[in-house]
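Participant: Order-wise, the sequence lines are chains A and B. Heads up: the first sequence at position 39 corresponds to 39 in the UniProt record's numbering, and the numbers run straight through without jumps. Heads up: the second sequence at position 33 corresponds to 33 in the UniProt record's numbering, and the numbers run straight through without jumps.
In case anyone wonders, no lab produced these hints; they're calculated from the structure. Some hints here could point you the wrong way.
Capping the alpha-carbon separation at 25 Å, the derived lysine to any residue pairs in SDA-like fashion look like this [unchecked claim]: (1) A/LYS169 / B/THR11; (2) A/LYS169 / B/LYS41; (3) B/LYS41 / A/LEU116; (4) A/LYS169 / B/ARG16; (5) B/LYS41 / A/HIS151; (6) A/LYS169 / B/GLY21; (7) B/LYS41 / A/PRO142; (8) A/LYS99 / B/ARG9; (9) A/LYS169 / B/TYR47; (10) B/LYS41 / A/LYS99; (11) B/LYS41 / A/THR149; (12) A/LYS99 / B/VAL59; (13) A/LYS169 / B/ARG9; (14) B/LYS41 / A/ARG66.
Values in this document were obtained by computation on a predicted structure and should not be read as measured data.
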Amino acid sequence: MVRLPEPLTRLHPTRLSRLFTSRLRSPQLTSRLGMLLGAAVAVCFATGYLSHAIQHPPAWFYWPSRPVNLYRITQGLHVATGLAIVPLLAVKLWSVYPKLFRWPPFRDAAHAVERLSLFLLVAAALFQVTTGILNIALWYSPMSFFFTTAHYWTAWILAGALLIHIGVKLPVVRRALAAPSRRPTEAAGLSRRGLLTAVASAIGVITVATVGQTLRPLAGISVLGPRDPRVGPQGLPVNKTAAGAGVTTAAAGPGYRLEVVGPSGILRLSLGDLAALPQHTAQLPITCVEGWSATATWTGVRIRDLAAAVGGQPGASVRVESLERGSPYSTSTLPPPHADDPLTLLALTVNGEPLDLDHGHPCRLIAPNRPGVLQTKWVSRVQVLT
Amino acid sequence: MTGHGTTSRTTTWLQRLLVAGGVLAAGYGVAGLVTDPSVAKQPYLRYTLTVLLGHDLLVMPLAILIGLLATRWLPQWARPAVQGALLVTATLTAVALPLVLGYGRRPDDPSALPRDYHRGYLIAVAAIWLTTATLLALRAARSRRTSATQHQEET
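Only chain A is shown next, with the shape it has when bound in the complex (with noise of 0.2 Å):
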């Protein structure tokens, strides 16, 4: 018989997950972290899933145009609470690692499917995390695949695999609750008390770091925060500019006329008819999905004198379509509350500037409470649904 050294024997299967020592991994503990990670999850779910049906509105779904800001707060709370994640969950991983080697790995095959499920959870929690990460930092390349989908189907399976995980773990969490707090005998480092308040201040850190995006008294010291709300042409943060999507030439060329589709007939306007128009100014957010949001002021044509001056009736649904093609957000359709809203503006102009090129010039749509991939830029034709 082979006597492996001493070093090697400690890694038999058998006694891998006693090489963690630490006395500060506990069930209290680890309820502790849970219940605060499931409720950021929770938030993001909800976050998330709002966001999602704004775009893809399901058919009992109703979104206002007020208040304006809405969707700056839920979004910003999305990305937000998603960064807060990252220490939570690495901590909550921390406090369960050694029963990653637990041995023999399952007592029978229940125990077995309620570990494939947990490699279910985690993968999905990994997974949901560094895509959001990577997405907000434009970092497209390491996911190839559509971002955007595959971040909703596996919100699902996150949000499913953590239900299964509280369902199971229910009994665990509550005695583990509700047994008086133990004093851990005085250990070498950190206390749970100071544990916890280390994962505090790491929320702290990486929110003051980057929340400065989207709240812009905060933008000076958000020193890792992936867009600054004051930096961008006329002072205004871009997503796609003109080049990218393809429309410079269409979009500066003097040929440019402006189609309004309604049941009275068709309207083929220049940018100097638009500017000959009744102009409106309305202070609204562009409001990104990656969480950032710079409020401006905009003056422009009311969309619903558009729609009135082609026949459109109040309570009808408007299509805006784009120069650009070929992309999924080209078009964008404005439901009745916006497509009412007196704050809804086809904007020829920003900031008291007419609109650069890359923010959408000859004019772009600007409506109160909406991600910023719906305020269609370079906008061609508009068009009133019946």
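Take the given structure of chain A and dock chain B to it, following the hints.
Facilitator: Same frame as chain A, now just chain B:
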């Protein structure tokens, strides 16, 4: 799943409800992934396995090892603060890394990743460790004071 004798009937039913709801939601997600043509299956699986195995077999053991080595030779009283600071630094790094690498920059769009993220990351890390150093200094001063008082009382 019901197992323990102490578990009440309400709890058992709640557990069954949670598990059933979870199976439905996860099943909906898996079905959506499989049928959605916009999700490339092979890259999706490859990515998911990479992050799962990368985390479980590389990042987590490495983090534990670094934490162990970095605090090994520290005096007992200094360990908690340094461990906490290591945790904050590590998780901040996970968020900052894609920004620092900067592959998301776009030549035609200066508003995409507009900041100097090397500088931002250094500032954030410096703030974390300066705070930690201050906490440790305060702690050291306090413990010296206490031991001095104790010493006076004894003499």
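Participant: Confirm or reject each hint.
Facilitator: Here is how each hint holds up against the structure:
{"no.": "1", "hint": "A/LYS169 / B/THR11", "result": "holds (11 Å)"}
{"no.": "2", "hint": "A/LYS169 / B/LYS41", "result": "violated (31 Å)"}
{"no.": "3", "hint": "B/LYS41 / A/LEU116", "result": "holds (20 Å)"}
{"no.": "4", "hint": "A/LYS169 / B/ARG16", "result": "holds (12 Å)"}
{"no.": "5", "hint": "B/LYS41 / A/HIS151", "result": "holds (13 Å)"}
{"no.": "6", "hint": "A/LYS169 / B/GLY21", "result": "holds (15 Å)"}
{"no.": "7", "hint": "B/LYS41 / A/PRO142", "result": "holds (14 Å)"}
{"no.": "8", "hint": "A/LYS99 / B/ARG9", "result": "violated (28 Å)"}
{"no.": "9", "hint": "A/LYS169 / B/TYR47", "result": "violated (29 Å)"}
{"no.": "10", "hint": "B/LYS41 / A/LYS99", "result": "violated (30 Å)"}
{"no.": "11", "hint": "B/LYS41 / A/THR149", "result": "holds (12 Å)"}
{"no.": "12", "hint": "A/LYS99 / B/VAL59", "result": "holds (17 Å)"}
{"no.": "13", "hint": "A/LYS169 / B/ARG9", "result": "holds (15 Å)"}
{"no.": "14", "hint": "B/LYS41 / A/ARG66", "result": "violated (39 Å)"}
Hints 2, 8, 9, 10 and 14 from the earlier list are contradicted by this structure; the remaining hints agree with it.
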